[in-house]
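Heads up: the sequence lines are chains C and L, in that order.
So in the numbering used here the end of the first sequence lands on 273, straight run, no missing numbers.
So in the numbering used here the end of the second sequence lands on 998, straight run, no missing numbers.
The hints are simulated quantities; they were obtained by calculation from the structure and are not laboratory data.
For glycine and all other residues, C-beta sits at the position ideal for the given N, C-alpha and C.
Among the hints, erroneous ones may be present.
Unchecked claim - Cut-off 30 Å, straight-line C-alpha distance, at most; resulting in silico cross-link-like pairs (DSS-like, lysine-lysine):
| hint | chain 1 | residue 1 | chain 2 | residue 2 |
| --- | --- | --- | --- | --- |
| 1 | C | Lys38 | L | Lys827 |
| 2 | C | Lys47 | L | Lys829 |
| 3 | C | Lys187 | L | Lys909 |
| 4 | C | Lys187 | C | Lys137 |
| 5 | C | Lys111 | L | Lys909 |
| 6 | L | Lys866 | C | Lys137 |
Claimed, not checked - Partner residues aside, some chain C positions facing chain L, computed with beta carbon under 7 Å:
| hint | residue |
| --- | --- |
| 7 | Leu83 |
| 8 | Thr87 |
| 9 | Asn106 |
| 10 | Arg109 |
| 11 | Gln110 |
| 12 | Gln118 |
| 13 | Phe122 |
| 14 | His124 |
| 15 | Ala134 |
| 16 | Leu170 |
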Amino acid sequence: MNDNMPLISVKNLCKEFDGKRVLNDISVDIYKGDVVCVLGPSGSGKSTFLRCLNRLEEPTGGHILFEGTDICDPSTNINIHRQKMGMVFQQFNLFPHMTIMKNLTIAPMKLQNVPESEARSYALELLNKVGLADRADDYPSQLSGGQQQRIAIVRALCMKPDVMLFDEPTSALDPEMVGEVLGVMKNLAKDDMTMVVVTHEMGFAREVASRVMFLDGGDFIEENTPDKFFTNPQNDRLKSFLSKVL
Amino acid sequence: MNLQSLREEFVLNFIEDNRWQYLTRGLATTLKITLFAAIIGIVLGFLVAIVRTTHENTGKAKIANAICGLYLTIIRGTPVLVQLLILYFVIFASVRIDKTLTAIIAFGINSGAYQAEIFRSGIQSVPRGQLEAGRSLGFSYKQTIWTVIMPQAIRNVIPALCNEFIALMKETSIAGYIALEDLTKGGDIIRSRTYSAFMPYIAVALIYLVLVLILTRVEKSIERRLKKSER
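Put together the whole structure using the sequences plus the hints.
Encoded structure:
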């Protein structure tokens with residue numbers, strides 16, 4: 028794959044729920060190292076867009092090329108490609124019946140045949156980075172929301188993904204825990220991870236994103252660098268959105 | 768009833784002609800039917816629950832789902848006694864198979880329908896996000912069900928499942944309708960020999976009660992152990 032090729036290329040993506048159009052013919056290219064923040068009012072289709080990228084939501088039309096493969100093609104084994112697309116959910120979704128260590132190692136061991144010792148040491152290395160190495164043997168319910176979300180990020184990272192998808196990762200957190208999760212995401216961005224982030228954290232978008240996109244009514248109606256996006260918005264709907272949230 | 772006559776009743780009903788053996792042999796039959804019917808029920812119930820939830824989650828397995836739906840409707844819509852009689856006198860009418868085996872099959876098929884709904888509710892009680900988290904890591908639907916959903920689902924259904932086993936054990940007391948000598952029938956035979964109903968039936972009732980108490984104990988200890996592993 029050459030460097031000029033997009034990592035994810037979304038072509039004419041459509042999604043309907045019971046005849047109601049949620050995504051309306053979206054096309055966008057995401058390149059390696061991009062940190063894309065997707066903003067928009069609630070119900071605009073942000074989460075649906077993100078969940079279509081790894082087909083947790085089945086698109087009703089269009090194509091998504093991931094590393095050159097059309098993952099919407101029925102003959103594509105989506106499970107293989109999902110291993111390279113980490114996902115972080117609003118509700119963390121850690122496995123409550125497994126210890127933190129098991130949460131982190133089960134997928135690499137079962138899906139990538141990584142030996143247990145190797146999976147554990149890599150998990151510990153990442154746990155150290157997020158400051159939770161001492162919690163490896165605890166169960167998720169023993170951790171705070173912010174800690175659980177940091178673990179959820181690490182769980183996705185343990186698969187060594189090429190892109191990370193974040194679906195409102197801080198929306199379910201107490202305000203005082205938002206910072207620690209955003210901190211981990213900032214470090215990820217610094218390490219050149221490709222990220223697509225659906226968020227309401229304007230500060231994060233402004234500071235960390237390389238591209239900010241505004242989704243409304245099922246389509247991206249404005250995209251820009253964070254600076255221009257926030258200081259000089261062009262579209263009227265974006266202007267009114269920003270005036271309400273900033 | 769004074770003490771003297773109580774003693775005489777006891778001797779008459781249990782000691783003379785070794786009549787206590789009707790109870791012990793009956794107990795053995797009751798336990799055998801319950802155990803094997805429970806096992807058949809677990810297997811059937813589990814399979815049906817998997818088919819039904821797979822259909823609900825993915826829309827696949829249409830025909831299998833329809834068959835399972837029919838099974839649940841018929842079994843839950845008719846009395847277990849009628850099912851037992853039909854199985855023995857109609858379906859197995861020409862092939863005289865062992866009565867105990869007939870009862871095991873009948874109660875197994877019956878319990879399977881109820882266990883299917885228990886397992887299904889257990890699977891549904893696991894938040895959808897768990898399935899999505901498993902799938903997003905790259906696990907297939909099947910792998911996610913086995914490694915992520917099932918362990919949580921089974922934990923959730925233990926109380927309801929134990930309840931079903933208790934109900935099943937007591938339901939087997941109708942096995943006498945096909946002249947099978949289970950615990951209840953054992954007490955009944957004693958009464959028919961001694962023309963004294965009090966002692967045999969009370970003894971039968973007490974034995975069922977003790978069995979249920981033991982099952983309840985087992986349930987509690989399983990629950991405690993599961994709780995510990997989750998903290």
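I'd like to know which numbered hints this structure contradicts. Please list them from smallest to largest. 6, 8 and 16
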